[in-house]
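S.K.: For reference, the chains in residue letters:
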Amino acid sequence: MQKISPLKSSIEAFNKFRASRAAKANKANETTKENSTTQTNPFGITFRGNMIQMDVFESAKKPEKAEDNKTNISIQERLHNTGKLLASAWVGTMNKFSSLKTNAIAFGNRVKDSVISAGRKIQEFGNTEVKFSNPFKYNVSYLQNQPVGELRTMLTNELQGVH
Amino acid sequence: MNNRRVRNIIEALGKHKDAESVHVLNELGTNCPIDEVRELTSKALIRKNTHDALEIVIVNKGKGINDLSARVAMCAINELLALKDKQEAIKILEDTINMHSEKEVQDTARSVKALMSFSS
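Protein chains in written order, with the numbering used here: chain D, 1 to 163; chain F, 1 to 120.
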């Protein structure tokens, strides 16, 4: 039977721990790289159902060429860059128009609903009869000038529940 | 029953110039089972101070000063005593004392007449 020394076993355990930590660190680096490559369009702008990729927009990085070398840029490259800019502007305009269109439709629907409800209210108001009862109907001075027959009827009605 | 309305109608009938109002008060008010209505009617009739109105509350048994309710009867007597012109009331009371068939009514009339003569 082999005798296990405490020093040897501790070294082995440390080596294992170091190896597992290195493996974890590699894995994390790979995932961050993947994320950075997939998020090419942080604003999520679409054009005819397709997600617009990074290459449509102008690159955030400045061209490495110096100022004095600008004149040397080929016409083809310039045209290419202008096309990219135009495409991005076109996409922005399209998005603006689509949002405006949806807002206008919603506004129109709201106006239509409010007009219908107002029409219904007017109809209901037209159907109801407004009755104004005389507030002085039971004042002594008013009753005094009424015919006795009417007073008899009123008194009979008031005492009806009693008899 | 709306008390305010009934009170106002009875008061209006008491102040009404039409003689028919006395008949309405006699028919509906003095025959009402509610003491308060009978009391208000007696007051309205006495305030009229006409022959027909006073006759109802003095001569008739169970009405006005002859009411079975002491409260109603006392109110009617008080109202008679408060009259400024008591001539017509005293005349009817005298006729009742002399000519009425019921002794009870005669006695009540006699008592009221005595009170009225003292108060005037």
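Worth flagging that the hints you see were computed from the coordinates, not collected in a lab.
Just so we're clear, the structure is a prediction, and the values are computed from it rather than from any experiment.
A hint or two may mislead.
As the list claims (entries may be wrong) - Lysine-lysine pairs mimicking DSS-like chemistry, simulated, CA-CA at most 27 Å apart:
id	chain 1	residue 1	chain 2	residue 2
1	F	Lys91	F	Lys61
2	D	Lys137	F	Lys17
3	D	Lys137	F	Lys15
4	F	Lys103	F	Lys86
5	F	Lys84	F	Lys113
6	F	Lys15	F	Lys103
S.K.: Next step is simple, just say for each hint if it's right about the structure.
M.R.: So, going through the hints one by one against the coordinates:
1. F:Lys91 / F:Lys61: Distance of about 18 Å is within 27 Å: holds.
2. D:Lys137 / F:Lys17: 19 Å, holds
3. D:Lys137 / F:Lys15: 16 Å, holds
4. F:Lys103 / F:Lys86: With a Cα-Cα distance of about 23 Å, the restraint between Lys103 (chain F) and Lys86 (chain F) holds, given a limit of 27 Å.
5. F:Lys84 / F:Lys113: Holds. Lys84 (chain F) to Lys113 (chain F) sits at ~15 Å (cutoff 27 Å).
6. F:Lys15 / F:Lys103: Distance ~33 Å between Lys15 (chain F) and Lys103 (chain F) Cα, so the pair is violated.
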